[in-house]
Amino acid sequence: MTAPLLAVRGLEYVYPGGVVALRGLDLSIERGRKLAILGSNGSGKTTLLLHLNGTCKPTRGEIRLDGQPVRYEHRALNRWRQRVGLVLQEPDDQLFAATVGQDVSFGPLNLGLSEAETHERVSEALAALRVTVLADRATHALSFGQKKRVAMAGVLAMRPEILVLDEPTAGLDPHGVTHLLGALQQLHEAGTTLVFSTHDVELAYAWADEVAVFHEGTVLRQGKAVSVLSDRKVMEQARLRLPLLLELAVLLLQESDCEDWDRQLPRSREVLLALLRDRLVPGRAGRDEIDSLSDHDRYSGA
Amino acid sequence: MRAIDQHAWTNRWRNWHPAEKLLPAGGLLILTLILPPLTTAPLVLAGMALTTVRGAGVPLRTLLSVLAAPAAFLLAGVPFLAVSVDFTHGFDLHLSDDGLWLALTTTLRALAAMSCLAFLMLTTPLTDWIALLRRVGVPPAVVELILLIYRLIFVFFERALTSHRAQTARLGYSRLDRSVRSLGLLAGNLFQRALVQARRLEIGLLARGYNGELRVLAPKPTLSRTRLATGLGLVGLIGMTGSLLARGLS
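Chains W and C, in that order, give the protein sequences. With positions in the first sequence counted from 1, the corresponding number in this note's numbering is that position plus 1177. With positions in the second sequence counted from 1, the corresponding number in this note's numbering is that position plus 3.
Please keep in mind that the hints were generated in silico from the structure rather than gathered at the bench. All values derive from a computational prediction rather than experimental measurement. We put the beta carbon where it would ideally sit given N, CA and C, even for glycine. Don't take each hint at face value.
Listed next, the stretches of chain C that the computed footprint assigns to chain W, with coverage defined by at least 3 CB atoms under 8 Å from CB atoms of chain W [said to hold, decoys possible]: (1) 127 to 135; (2) 150 to 157; (3) 204 to 213.
Among chain C residues calculated to face chain W with C-beta under 10 Å, some are [as the list claims (entries may be wrong)]: (4) Gln9; (5) Glu161; (6) Leu198; (7) Glu216; (8) Leu226; (9) Ser227; (10) Arg228.
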C-alpha cells in the first residue's frame, strides 16, 4: 500500500484572534480520486483547503505530500503549490491581469517556463475549460461563470497533480454547472486528482468517488461516497440531509430481491427515473435502458 | 468610464500597434500647441473626430460624451478670460478684445488637444499602453501598480455599485442627511473591503507561484509602415494647411 498523495493528520488551526477553526482533523487524498469535502456554510472548509497548499500553516498536526512531511520554506512551498493547485471560491480574488490570456500565463511564467511553452500551456488550459474564445477578452468584461472557469484555467496551466476547488459550483446556473463538471471530468480522466468543497449533497453524491463530511473543524467520516452519504447519523450531526436521489433509490431497491442492490444505486436522475418507470410499468423500461443511461453524464444539475 | 473602456476593447483598430495610433495623435497634439490655434485647432479637431468615428468606428455620440466634460469646464472658464476688471477709476468691468481673443484661442486649443487624447483613449485599451510601457523600460514596479489599479478599479466599481443599489433599496438615499450618512458608510465599507481584497488576492497569487513579480505574456503586435506613413501624412497635411491658412489670414 503506497502512501496517499496528500495526507493530513491531527490538523489543528487557531486563528490569530484565538478562534479555533480546525480541531484535530484527519484527511487522506488518494491519487486519481474525486473527493468531496462536504460541510455546511461557515464550518471551516475554506480554512482546511488553505492548508492543502501551504497558505495557512497548522498550529498543530502534520501534512504529508507523497509520504514526506511538508516544509514551509520558500522553495519547498513553490514546489508544493505547483503540485497542489488551489482555486478560490471568488474568482476576483485570483484574476489580476487585464486580459484572460495574460492572466492564465502568470502561473506558467512563475514556473520559469519559456514564452513558447507558456503559450502552449495557456492554450491547453483554456481549451480544457472550454474558454479558448475568451483568450483576448478583458478580464472585467466576463460573466461570473466565465471568470470562474478562467480562474481555474489559471491554476490548471501549472499542470497540478491535485486540483483543489473551493465551492466550484457556487453561484453557477445549472448549465454552467454541467459545463464545468464536464470539463473537470475530462481532467480527472486525464489523471488529475480532484478535491472540492461543497455543501451540495446532491452534487457530492452524483459526482464524487469519496466524501469527507466536515463539521465544526473536524472530519466526522471519510469514505466511499455512497456509504458516507447514506450514514444518517453522521449526516444529521453535520446538519446535512441525505441526497434525495439516494434516499429514493434506496427505497426503490431495498425491497427488490436483488442481492447486490446497493451496487446498482443510480447516480443520475435519468437512471432513477428509468428505474421508477420500470417499477410502475414493469417491462416498459428494461435493464438495458437503465444500463445504457448510467454511462452518460452523471450529473445533470439536480 | 465603462463605455470608454468598452470601445477601447472593441473598436476596429483595437489590434493595431499602439505606436501607430500614438504617432498621429501625438503629432497633432504638438501641432495644436505650437501652431496658431485659430486655423490649426479646428482642423485638428475635425481630423481627429473623423479618424475616431470613420476610421476606428467609435460612435460619434461616445466621442461627444467624452469631450463634453472638459468642454463644460472650458465654457465655465470663458467669462473669466473674456472679461477684464479695471480698478484705475474705481471698479470697472468690461469685455476686452484681448480677453475675447484669449478665450477663443484657449478654448479651441484645449478642445483640439482633448480630441487627440480622446482618440487614444477610445481606440487603445490600457493593457496596450501597459505593454508599451514595459517594452520601453519603465520600472516593473510602476507598471505592476498601473496594472493592478486598472484591474481593481472595475472590481471596486462593481462593489460600489452593488452596495449603492442595496442601500437605495433600503431607502438610504431618501433624504439629504441619510444620503450623507449612507455615502459615508459606503466609503468606509469599500475601504475595509479593499484591505480584505488585497489579502485574498495575495493568497490567490501565492497559489500560482507569485514571487514578487507580476509577469504575464504580452502580445507583440507588429508595426505597419503603411499605417505609420499614413499617420505622418495626416499630421503633415494638417500642419501645412493650418500654417498656410494662418499666413493668409494675417
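Against the structure, the hints come out as follows:
1. Under the rule that three or more residues need a Cβ within less than 8 Å of chain W, the assignment of the stretch 127 to 135 of chain C holds, with 4 such residues.
2. Figure legend: the stretch 150 to 157 of chain C, annotated as covered by chain W; annotation consistent (5 residues with Cβ-Cβ distances under 8 Å, at least 3 required).
3. Coverage of the stretch 204 to 213 of chain C by chain W holds [criterion: at least 3 residues with CB-CB distance below 8 Å; count 9].
4. Interface restraint check for Gln9 of chain C: the shortest CB-CB distance to chain W comes to about 8 Å, inside 10 Å, so the restraint holds.
5. For the restraint placing Glu161 of chain C at the interface with chain W, the shortest Cβ-Cβ distance is roughly 8 Å, inside the 10 Å limit, so the hint holds.
6. With its C-beta approaching chain W no nearer than about 13 Å, Leu198 of chain C sits outside the 10 Å limit, and its interface hint is violated.
7. With a cut of 10 Å, the hint placing Glu216 of chain C at the interface with chain W holds, because the nearest CB-to-CB distance is about 8 Å.
8. The interface hint given for Leu226 of chain C is violated, since its Cβ lies 19 Å from the closest Cβ of chain W, which is over the 10 Å cut-off.
9. A least Cβ separation of about 19 Å between Ser227 of chain C and chain W goes past the 10 Å threshold, and the interface hint is therefore violated.
10. The restraint placing Arg228 of chain C at the interface with chain W is violated, with a minimum CB-CB distance near 24 Å, outside the 10 Å limit.
Hints 6, 8, 9, 10 from the list above are not met by this structure, while the remaining hints are.
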